[in-house]
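A.B. asks: So the chains spell out like this:
2 protein chains.
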Amino acid sequence: MATIQNIADRLGISKGTVSKALNGASDISETLRKTVLDTAVEMGYSRIRRSRDEAKKFCILTKNIEYREPHQFGYDFVIGFRQMAEPLGYAVEVVPVDQKFQKSIPYDVFMLQQDYIGAFVLGFSLDDPWMKDFETSHTPTVLYDNYISKNPFISSIGIDNSEGMALAVAHLKELGHKKIGYLSSSFGSHIMQVRHKAFFHAMKQNGLRADPSCAGTSFYVSHCIEKHLPRLLDLGMTAIICSHDLIANAAIVQCQQLGVHVPEDISIVGFDDLPISAYTSPPLTTVRQERLELGKCGFYALDSILNKVYIGTMYLHAQLIVRNSTGRPAG
Amino acid sequence: MATIQNIADRLGISKGTVSKALNGASDISETLRKTVLDTAVEMGYSRIRRSRDEAKKFCILTKNIEYREPHQFGYDFVIGFRQMAEPLGYAVEVVPVDQKFQKSIPYDVFMLQQDYIGAFVLGFSLDDPWMKDFETSHTPTVLYDNYISKNPFISSIGIDNSEGMALAVAHLKELGHKKIGYLSSSFGSHIMQVRHKAFFHAMKQNGLRADPSCAGTSFYVSHCIEKHLPRLLDLGMTAIICSHDLIANAAIVQCQQLGVHVPEDISIVGFDDLPISAYTSPPLTTVRQERLELGKCGFYALDSILNKVYIGTMYLHAQLIVRNSTGRPAG
Chain L
0 MATIQNIADR LGISKGTVSK ALNGASDISE TLRKTVLDTA VEMGYSRIRR SRDEAKKFCI
60 LTKNIEYREP HQFGYDFVIG FRQMAEPLGY AVEVVPVDQK FQKSIPYDVF MLQQDYIGAF
120 VLGFSLDDPW MKDFETSHTP TVLYDNYISK NPFISSIGID NSEGMALAVA HLKELGHKKI
180 GYLSSSFGSH IMQVRHKAFF HAMKQNGLRA DPSCAGTSFY VSHCIEKHLP RLLDLGMTAI
240 ICSHDLIANA AIVQCQQLGV HVPEDISIVG FDDLPISAYT SPPLTTVRQE RLELGKCGFY
300 ALDSILNKVY IGTMYLHAQL IVRNSTGRPA G
Chain A
0 MATIQNIADR LGISKGTVSK ALNGASDISE TLRKTVLDTA VEMGYSRIRR SRDEAKKFCI
60 LTKNIEYREP HQFGYDFVIG FRQMAEPLGY AVEVVPVDQK FQKSIPYDVF MLQQDYIGAF
120 VLGFSLDDPW MKDFETSHTP TVLYDNYISK NPFISSIGID NSEGMALAVA HLKELGHKKI
180 GYLSSSFGSH IMQVRHKAFF HAMKQNGLRA DPSCAGTSFY VSHCIEKHLP RLLDLGMTAI
240 ICSHDLIANA AIVQCQQLGV HVPEDISIVG FDDLPISAYT SPPLTTVRQE RLELGKCGFY
300 ALDSILNKVY IGTMYLHAQL IVRNSTGRPA G
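So the protein sequences, as listed, match chains L and A.
Note that numbering that gives the first Met the number 0 has the first sequence beginning at 0, numbered continuously upward.
Note that numbering that gives the first Met the number 0 has the second sequence beginning at 0, numbered continuously upward.
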C-alpha cells in the first residue's frame, strides 16, 4: 500500500505538502489538494496506515433509508453500529448520499477527504454510481444487502435469506399448503434477486412445484399487486410469499377489497418484519431482519477488515415470526 | 434461558446444591452432579449468564487435525484464534476429540462440565456424533467448514468456496482452457459437497460445458487418482481442479508417471494452499485458505454470539495463488 512518501515522489512535491493536502490545510490550493487526493486514491493510500491514536471516524452512508425515529427502518441499524463502535472510541457519523452526490466525487476521494476510516453502507441499489467504485476501492467498507466479489476491502452483511425463505416455505408446507406463489419488487436491488432465487430453491428443497408463472415481479408495489395478485389467485395459490413487508401489506389490503379472506382463503408471508408489520390486519407472518444485530454485525465486519481479516460475507441466522396472516388452507 | 433457581425448583433441591454441582464441588455425589448437569442442559442453562468476572474459557475442538507444528494444517487456526482471544482475557484450550469420546458424553454436558463458554470446532465430518448435538445445543459454537441451519447458537465460518471456485475456473478460462475436469474426495464432509456444487456452478457461469462425467469422486486419494485421472485425460481435459491440495499433489505425481507434463499437457489447480503446496514440482496453483485469518474469524463469530449477534455464516474472501502448475493448453 502506498505511503505519503510514495505520493510525494510521484508528484515531485515534499512529504509535508502531501500531508498538508491530505489533512485539508488551508495554505494548500484547491487544485493541488485535489491532485494529491486523486493520486493518493489511485496509489491505494489509505488512512488505515495511520497511527491508532489519531481520530478514528466511521460513517454510515444511507440512501433512501430513514433512521432518525425508532419506527424507521434504519434506526436500529444506526443504534446497533454505534453501540459497538463508540465504547471502543470510534466516532460515527450518518451521511445520507444520493446518486447526484455520488456522481460528483469518487468514493475513495470522499472517504479520504472526510477522514473516514471505513463505511457501513445502507440502502444502495445496483445502479448507484459508488457500487462501481466499491469494486476497486481500498477503503474498508461493509455493504448491507449488497455484494461485491473479489475485493478484500469490501464485506457484505445481512440475514441469511436462503435460510429465511426455507423457514417461510417449510412453515407453509407444514400448514398443508402446496400451491405457493411469490410476489416481488423488480431486480434493481441485489437482495430482490437473492430472495427470488431462494424462493424457487426452497420450493424445490421442500418437494413443491414452482414454475416461473408462480412468481410475479414489478417495479411498483401497486402494479405488482394489481397485475399479479389476481393472477396468482386464479392459479389456485393458497399462500403467497412476498419479497418484503410493504408488498405483503398491500396484498392483504387488496385481498380484503377482493373479498378474499386472509388467512382463511389465502395465507400471506412477508420479509423484513418492519415495525408496522405487527399491526397490519391480520398481523403479518414474516421473516425478521434483526436490525439491531445487523448494525452490530456491520461493525464486526468493519473491525475485522481493519484487523486484516478479510470477511467476504457475514449473514445472520434468519428467524420466522409467525403471526395471524398464515393458517391452514381451506378444504 | 434457565437460571440456577429454575434448575433447583425442577429437581426440588437448594440453589446452593445446584451451584455446587455445576462447579464440581467435592461434597456432591457423582450421581447428583450428573442429574444436575443433565437437567441444566435440558433446560437450556448456559454459562453465558454468569458474571463477566469469572473465568472465561474457550476450547478449540479438533478431530483429525494436527496443530502443534507450524507446517501442520491446524497450527495457524489455533494461533489466530488465540491472538484475538487472549488479549481480551479469555483462556483457550485445544481439545482433540474422537468419535468414541463424542459418543461417551453429550456435547452440552461436556462443555458445561469443563466450564467452556464456547467452542471453535475444526475437522468434524458429517458422521461425527456431536454434529447431531449441535442442532439443538445452547452453547455458543463456531464450526469451521461445517454448517448447521436454524440454531442461533451455532455459526459457520470458512472461506467463500464459491468465490474460490469461480476464481479457479476464470483463471483457467483466461489461459484458454475449455475442457476442465474435477477430482474430489467423497462427500462425507460438508465442504466437499459445497465445492463439488461450486465447480459446476462456476463452469456454467463462465459459459463452459460440464456434465457429471467431468467429475470423479472417491473416498481414497489413491483410488481417485487411479480411477478418474486417466478417464479425465481420455476425455480430452486440458485442466483439472482438485477438491484439495493432497489430491492435486497426487495428480501431479501420477501425471509425471504417465508421461503427461504439468502444465504443458495438463493444468492442475488445488484447494487449501497447504504449507507443502509451494514446494510441489511444479509448485501448485491453488485456492488459498488464509488459516490465520480463519482462526481470527472463529473468534469473531464466537464473540458475536456471546454479544447476542447470531451470525449464521461468515466467509472470508477467497484468494487464488497462481504458481506453475497452470499454463496455456497445448496447441
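Derived from the structure by calculation, the hints contain no laboratory data.
Note that the Cβ used here is the ideal one computed from N, Cα and C, for glycine as well.
You may find that some hints are simply not true.
With a straight-line cut-off of 20 Å between C-alpha atoms, the simulated DMTMM-like cross-links for lysine to aspartate or glutamate are [to be verified]:
| id | chain 1 | residue 1 | chain 2 | residue 2 |
| --- | --- | --- | --- | --- |
| 1 | L | Lys172 | L | Asp302 |
| 2 | A | Lys307 | L | Glu85 |
| 3 | A | Lys149 | A | Glu173 |
| 4 | A | Lys55 | A | Asp233 |
| 5 | A | Lys178 | A | Asp233 |
| 6 | L | Lys307 | A | Glu41 |
| 7 | L | Lys307 | A | Glu85 |
| 8 | A | Lys149 | L | Asp26 |
| 9 | L | Lys149 | A | Glu85 |
| 10 | L | Lys55 | L | Glu68 |
| 11 | A | Lys307 | L | Asp302 |
Going by beta-carbon spacing under 7 Å, a handful of chain A positions derived as facing chain L [as the list claims (entries may be wrong)]:
| id | residue |
| --- | --- |
| 12 | Pro128 |
| 13 | Met130 |
| 14 | Glu134 |
| 15 | Thr135 |
| 16 | Tyr146 |
| 17 | Ser148 |
| 18 | Asp159 |
| 19 | Glu292 |
| 20 | Lys295 |
| 21 | Tyr299 |
| 22 | Met313 |
| 23 | His316 |
| 24 | Leu319 |
A.B. asks: Now tell me, hint by hint, if it's right for this structure.
C.D. replies: The hints, checked one at a time:
Among the hinted pairs, L/Lys172 with L/Asp302 is inconsistent with the structure: their alpha-carbon atoms are about 40 Å apart, more than 20 Å. Straight-line distance between C-alpha atoms of A/Lys307 and L/Glu85 comes to about 18 Å, which keeps the hinted pair within the 20 Å bound. Our distance criterion of 20 Å between C-alpha atoms is broken by A/Lys149 and A/Glu173, whose separation comes to about 40 Å. With a C-alpha separation of about 58 Å, the suggested pair A/Lys55 and A/Asp233 falls outside the 20 Å cut-off, and the hint is violated.
For a cut-off of 20 Å, the pair hint linking A/Lys178 to A/Asp233 stands: about 12 Å separates their Cα positions. Taking the CA atoms of L/Lys307 and A/Glu41, the gap is about 40 Å. The hint is violated against a cut of 20 Å. With a C-alpha separation of about 18 Å, the suggested pairing of L/Lys307 with A/Glu85 holds against the 20 Å cut-off. For the hint pairing A/Lys149 with L/Asp26, the CA-to-CA distance comes to about 58 Å; that exceeds 20 Å, so the pair is violated.
Between the alpha carbons of L/Lys149 and A/Glu85 the distance comes to roughly 31 Å, so the proposed pair goes past 20 Å and is violated. For the given pair, L/Lys55 sits about 26 Å from L/Glu68 by alpha-carbon distance, which is inconsistent with the 20 Å threshold. Straight-line distance between C-alpha atoms of A/Lys307 and L/Asp302 comes to about 17 Å, which keeps the hinted pair within the 20 Å bound. Here the hint on A/Pro128 is broken, as its CB sits about 23 Å from the closest CB of chain L, past 7 Å.
Nearest Cβ of chain L to the Cβ of A/Met130: about 17 Å, over the 7 Å cut. The hint is violated. Look at A/Glu134: its Cβ only gets to about 13 Å from chain L, farther than 7 Å, so that hint breaks. At about 14 Å, the closest approach between the beta carbon of A/Thr135 and any beta carbon in chain L exceeds 7 Å, and the interface hint on this residue is violated. Violation of the interface hint for A/Tyr146 is found here, the shortest Cβ-Cβ separation to chain L being roughly 10 Å, above the 7 Å cut-off.
The interface hint given for A/Ser148 holds, since its Cβ lies 6 Å from the closest Cβ of chain L, which is under the 7 Å cut-off. Using the Cβ-Cβ criterion of 7 Å, the hint placing A/Asp159 at the interface with chain L is satisfied: the shortest such distance is roughly 5 Å. Interface restraint check for A/Glu292: the shortest CB-CB distance to chain L comes to about 5 Å, inside 7 Å, so the restraint holds. Below 7 Å, beta-carbon pairs count as interface contacts, and A/Lys295 has one with chain L at about 5 Å; its hint therefore holds.
With its C-beta approaching chain L no nearer than about 6 Å, A/Tyr299 sits inside the 7 Å limit, and its interface hint holds. Contact between A/Met313 and chain L, as hinted, is supported at the beta carbon level, the nearest pair being about 5 Å apart and thus within 7 Å. Below 7 Å, beta-carbon pairs count as interface contacts, and A/His316 has one with chain L at about 4 Å; its hint therefore holds. For A/Leu319, the suggested interface contact is broken, since its CB lies about 10 Å from the closest CB of chain L, more than 7 Å.
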